[in-house]
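Enquirer: Sequence:
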Amino acid sequence: MDQELVENLRKVGIPYINDIPWGTHICSFFGSKSDLLGIVVPYFKAGLENNEFCIWVVSEPLDVSEAREALEAAIPDFQSYTEQIELYNHRDWYQVSELDADRIVQAWITKLKAAISNGYEGIRVCGSTVWTDFRSWKKYLDYEAKVENIIGSLQTIALCPFQLEKCGLLELLGLAQIHDFTFISCKDPFSYLNSMVNTDRFELIGKMAASVAHEIRNPMTSVKGFIQLLQGDKDLQKYSSYFMLMIDELERANDIITEYLSIAKPRVRNVENHNLNEILTTMLLLLQADARKEDKDVILVTGDTADILVDPREIRQVILNLVRNGLDSMPSGGVVEIRTSMQNNEIVLEVEDSGHGIPEEIQVHLGKPFVTTKEHGTGLGMYVTYNILKSYQANINIRSSNEGTRFIIRFPSAEGGNSDYICRYKSG
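The working numbering applies: residue 25 is where the sequence shown begins, and numbers increase by one.
Treat the hints with care, as some may be off.
Think about it this way: if two alpha-carbon atoms lie no more than 27 Å apart in a straight line, the pair counts; the simulated DSS-like pairs of lysine-lysine are [as the list claims (entries may be wrong)]:
| no. | residue 1 | residue 2 |
| --- | --- | --- |
| 1 | K135 | K162 |
| 2 | K170 | K137 |
| 3 | K317 | K248 |
| 4 | K190 | K162 |
| 5 | K163 | K137 |
| 6 | K57 | K262 |
| 7 | K135 | K170 |
| 8 | K69 | K137 |
| 9 | K262 | K190 |
| 10 | K57 | K162 |
| 11 | K162 | K69 |
| 12 | K57 | K35 |
| 13 | K57 | K69 |
| 14 | K35 | K163 |
| 15 | K248 | K258 |
The following label-pair restraints were derived from C-beta to C-beta distances [claimed, not checked]:
| no. | residue 1 | residue 2 | range |
| --- | --- | --- | --- |
| 16 | D124 | A200 | 22 to 30 Å |
| 17 | F250 | H298 | 41 to 49 Å |
| 18 | N294 | N368 | 58 to 66 Å |
| 19 | D331 | V388 | 31 to 39 Å |
| 20 | S89 | D124 | 45 to 53 Å |
In case anyone wonders, no lab produced these hints; they're calculated from the structure. No residue lacks a Cβ here, since even glycine has one placed at the ideal position from N, Cα and C.
Work the whole structure out from these sequences, hints included.
Expert: As structure tokens, then:
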């Protein structure tokens, strides 16, 4: 290793990290407040003891007073360093009206120049902020990338801590990519990581879509309006088939956006006892109207059933998704049959179509986003369906052949058989 580089290695202070050179940009993920203090306090203690000017931009879950108290408790002679360290609230440091990466980077450089002119060897900083949506997250990522691009040539060490529960896979991977190295300090990191793998990566896609949906839909609405205006021009009648195709494609794009939004949009559940037969009866005319547009049909055969503890809006969404998928899979003349019954204290809902069936290799992955048999499908409708049913502890079975597909869904009865399920939703 270069002799000059070795001589200029800096003590990090964090037990499991070796000495590092100036210009190192560190990313850490922490679980709890104590995890965060276990990283940052020894990090600054090492900086103070090695003649570095220190700056801590404090953000959740700490405030400035808590951060100062932690430093005072861990560093017996902390009062002798009060001119060597500055603490800021993250809102004061990062934001005026919104994150301005150029301004903040310049502020770091100004602090570095002042520190060196005052006899310090460099600066040691710690800071991160929070993002509320995809736009602010993207701005923060751009800021971190700018820091990474310039920090290598500066007498600066930067630590950026992030709370695991505030991060999904999108943030986790994005932040790790633009730092020199990354570590996790958490008593049980796998509980966070498993949760991310199972759910967050797809929910984040929905959140991203929710943030930009209005920006996409506004121009789409304008384009559709102009196309409809052109449709009314007699001189352009020869292009009518093209206009119809364009409108169909715009509507398909809008449907995809709607599916993404159904993942992202938070909804307060209104869970009460409802009878599945009553929910289906109120939907039947709508389902049949959809089917008969394409010379297909939907029939309903109900048996006696107990009530189920659900939000009826979610159950309607499940039924709508299953029936429409069945209709899409069938040629003209096809029929989707919906049946209800009571079996072993469970309410059974069956939706059966006479379509082309679902291949076995697709069946095992149904309920995951982007798994679909449709040429232009996203699989998000089934993802939402499976998540809703899973939240009600309903069991889903599929029987499929080249003569059709039957979904068999078993709900626990609200009258008994699953008290944990009932209590959980009554208390919510």
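Enquirer: Which numbered conditions among the earlier hints are violated in the structure presented, ordered from lowest to highest?
Expert: 6, 9, 11, 14, 18, 20
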